[in-house]
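Turn these sequences into a full structure, and let the hints guide you.
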Amino acid sequence: MARAMWRGAIQFGLVTVPVKLYLATESRGGLSFNLLHKECLNRIQMKTHCPIHGEIARSDTVRGFEYSKGQYVVIGEEDFDSVPLKTVRSIEIELFIEADRESQATSFVKQAYYLEPEAIGRKAFYLLKSVLADEGLSAICKIVLKDREALASINPYANTMLLSTLYWPDEVRSTAELDLPEEDFDFKPAEKQMAAQLVQAMRGDFEADQYVDNYRQALMAVIEAKVEGKPTEKIDIEEAPTKIADLMSVLEASVAAARDAKSKSASGGTTAATASTSAKAKKSEKVADIASGTKRTRTKAQATKAASAAPKEERRRKTA
Amino acid sequence: MKQQASTDNEQLPLHFETGARQALPARLRPMVPLRGESPFDDTEWFFEPWWPGTPALAYVEDFKVRLQIEHLADPMAAFPELASIGSQFADDQLIVDGTLLVLDDEGKPDADLLRRRLADPTTRDGTPAYVASDLLYDLARPLMSRPFGERRQQLSALLSDGDRCVVSRGLHGEGTTLADAITSMGLSELSARLLSAPYKPGASDEGWLRVPVVETPAAPTRPLLALLQRLPL
Chain A
0 MARAMWRGAI QFGLVTVPVK LYLATESRGG LSFNLLHKEC LNRIQMKTHC
50 PIHGEIARSD TVRGFEYSKG QYVVIGEEDF DSVPLKTVRS IEIELFIEAD
100 RESQATSFVK QAYYLEPEAI GRKAFYLLKS VLADEGLSAI CKIVLKDREA
150 LASINPYANT MLLSTLYWPD EVRSTAELDL PEEDFDFKPA EKQMAAQLVQ
200 AMRGDFEADQ YVDNYRQALM AVIEAKVEGK PTEKIDIEEA PTKIADLMSV
250 LEASVAAARD AKSKSASGGT TAATASTSAK AKKSEKVADI ASGTKRTRTK
300 AQATKAASAA PKEERRRKTA
Chain B
0 MKQQASTDNE QLPLHFETGA RQALPARLRP MVPLRGESPF DDTEWFFEPW
50 WPGTPALAYV EDFKVRLQIE HLADPMAAFP ELASIGSQFA DDQLIVDGTL
100 LVLDDEGKPD ADLLRRRLAD PTTRDGTPAY VASDLLYDLA RPLMSRPFGE
150 RRQQLSALLS DGDRCVVSRG LHGEGTTLAD AITSMGLSEL SARLLSAPYK
200 PGASDEGWLR VPVVETPAAP TRPLLALLQR LPL
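Protein chains in written order, with numbering that gives the first Met the number 0: chain A, 0 to 319; chain B, 0 to 232.
Incorrect hints may appear among the rest.
Stated by the list, open to error - Beta-carbon label-pair distances, calculated as ranges:
| no. | chain 1 | residue 1 | chain 2 | residue 2 | range |
| --- | --- | --- | --- | --- | --- |
| 1 | B | Phe-62 | A | Val-211 | 23 to 33 angstroms |
| 2 | A | Glu-182 | B | Ala-89 | 28 to 38 angstroms |
| 3 | A | Asp-245 | B | Phe-62 | 20 to 30 angstroms |
| 4 | A | Asn-213 | B | Pro-24 | 32 to 42 angstroms |
| 5 | A | Lys-109 | B | Ala-25 | 44 to 54 angstroms |
| 6 | A | Asp-245 | B | Ala-72 | 29 to 39 angstroms |
| 7 | B | Ala-89 | A | Pro-168 | 40 to 50 angstroms |
| 8 | A | Val-249 | B | Ala-76 | 28 to 38 angstroms |
| 9 | B | Ala-72 | A | Glu-182 | 48 to 58 angstroms |
| 10 | A | Leu-179 | B | Leu-138 | 30 to 40 angstroms |
| 11 | A | Glu-38 | B | Ala-89 | 23 to 33 angstroms |
To be verified - Below, computed lysine to aspartate or glutamate pairings styled on DMTMM-like, alpha-carbon distance capped at 25 angstroms:
| no. | chain 1 | residue 1 | chain 2 | residue 2 |
| --- | --- | --- | --- | --- |
| 12 | A | Lys-122 | A | Glu-91 |
| 13 | A | Lys-263 | B | Asp-40 |
| 14 | A | Lys-191 | B | Glu-60 |
| 15 | A | Lys-191 | B | Asp-61 |
| 16 | A | Lys-191 | B | Asp-90 |
Hints are computed from structural coordinates only; laboratory data are not their basis.
All of these numbers come straight from a predicted model, not from anything done at the bench.
Note that CB positions come from ideal geometry on N, CA and C, so glycine has one too.
Written out as structure tokens, the structure reads:
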């Protein structure tokens, strides 16, 4: 595994458990890109630059604290070691709380770390873990990490425990800044029941490995294609064949053809020419009718035609 | 201070409010068309092809689709491709009457492919598609007593054509023209619906006829020429 980023000891009461800390997560949110010079595609350099001495090496820098405008005091590594705090090199457990979701205090997590007990403290470590698990408790503790004292919680996790650093209460913004309603809403029992049903229908076990960062994968595919010199085609979302629409087009074409044939037979036959032209006029309207599939209004021409339609008795006879 | 919640109409609609959002009936007995004799023209009727598929009711509930096909316990297992058609409807809580087809590679309805699917729900040959003809429920409210013409209009308004589901096409009044058209497509029956007729679940009625278009001995009122043209040559 990666290098431990911290060594120290969990302390509560008289018990001391030496542990190491490892980062539990890595951020892969976005792919990282480098800035290049547009002309020559060389990577640009960020140089450390002193306004008096020009370019200097990064190793020639120290950390300064601005205690008043333009006034700095230099803080070196030795100063960090001499910080008079008990929590240096130790994880001081302050109290144990119910590990349920009600405890808002642990909602704002900065970073999660895996704890690894040193060989000598394993028994005590797993004793602590089993007590937390059995009692459903979280340990709230303080730890100094990277020059800062952090509030943290310790929880059992898989075959070890997880230390999550938390935001200090004064770092958590108030919801008072939001535009939230003051009134309570009255829900009808039916609404509540419906909402409950919807939620119930979507309940499941969260299996995190079923979720992937699709955007990252798609972006990676574009990059890989470019590396291999392929044109980066826009990936079309797979489209199902529009076969049923085709079938409807065939029907529309057939109807048009059938009408054509009919009008020809009508004009070639003995029927009066006027009848045939009025029939043609109707036809153009009705082609639109069948083509759009939506136009359902009856035209006047159709309405007048109703007068000459077969009498109802005759239609009845058509039923077997 | 606790106030009464602002009036409902200022809030986004809760689709399940009003308590009227009852569940759809679990099962509806489809209407059975009567057998007609031969194609006819009548402006009070609407004619559409009798597609060579299986009659199917489609239930859209919570935007999920459930099909009901006679003698098939779990139609969605046999036609999983149709699970997505719910998104083509603008409303929810509705029941549609229509025909389920299985199309071959050329896009023609294939009764054999359909039979294979029905017999073995694990088969995945062909492309299933649904042709909607009638709207029986909308927003959980029954429409079956409304005239067919109105139901069909409402169906057209809320179903947008998609890859696997369309509103059926047809002609007002011109049964014989449609008969000619579908004969040339190799189809043999049409569906004739009286525009003013209600939908009668589980029953038959003269408002819905299933009419063979294959030529039966002369209908005496029809001109001979038109008759000849319908004969496959």
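How the hints compare with the structure:
Separation of Phe-62(B) from Val-211(A) is about 25 angstroms and conforms to the stated range, judged on CB atoms against 23 to 33 angstroms. The supplied range of 28 to 38 angstroms is met by Glu-182(A) and Ala-89(B), whose beta-carbon atoms lie about 33 angstroms from each other. A hinted range of 20 to 30 angstroms for the beta carbons of Asp-245(A) and Phe-62(B) is consistent with their spacing of about 26 angstroms. Restraint check, Asn-213(A) to Pro-24(B): a C-beta distance of roughly 39 angstroms satisfies the suggested window 32 to 42 angstroms.
Between Lys-109(A) and Ala-25(B) the C-beta distance comes to about 51 angstroms, which sits within the given range of 44 to 54 angstroms. In this structure, Asp-245(A) and Ala-72(B) meet the distance hint of 29 to 39 angstroms, their C-beta atoms being roughly 31 angstroms apart. At about 49 angstroms, the CB distance of Ala-89(B) to Pro-168(A) agrees with the hint of 40 to 50 angstroms. The given range of 28 to 38 angstroms is respected by Val-249(A) and Ala-76(B), whose C-beta atoms sit roughly 30 angstroms from each other.
Take Ala-72(B) and Glu-182(A): their Cβ atoms lie about 50 angstroms apart, and the range 48 to 58 angstroms holds. The supplied range of 30 to 40 angstroms is met by Leu-179(A) and Leu-138(B), whose beta-carbon atoms lie about 32 angstroms from each other. At roughly 54 angstroms, the beta-carbon separation of Glu-38(A) and Ala-89(B) lies outside the given 23 to 33 angstroms, and the hint is violated. Simply put, Lys-122(A) and Glu-91(A) have alpha-carbon atoms about 19 angstroms apart, close enough for the 25 angstroms limit, and the pair holds.
Distance restraint check for Lys-263(A) and Asp-40(B): the Cα-Cα separation of roughly 18 angstroms lies within the 25 angstroms cut-off, and the hinted pair is therefore satisfied. Distance restraint check for Lys-191(A) and Glu-60(B): the Cα-Cα separation of roughly 18 angstroms lies within the 25 angstroms cut-off, and the hinted pair is therefore satisfied. Taken as a hint, the Lys-191(A) and Asp-61(B) pair is honoured in the structure, with Cα atoms around 16 angstroms apart against an allowance of 25 angstroms. Taking the CA atoms of Lys-191(A) and Asp-90(B), the gap is near 22 angstroms; set against the 25 angstroms cutoff, the hint holds.
Of the numbered hints given earlier, the model fails hint 11 alone.
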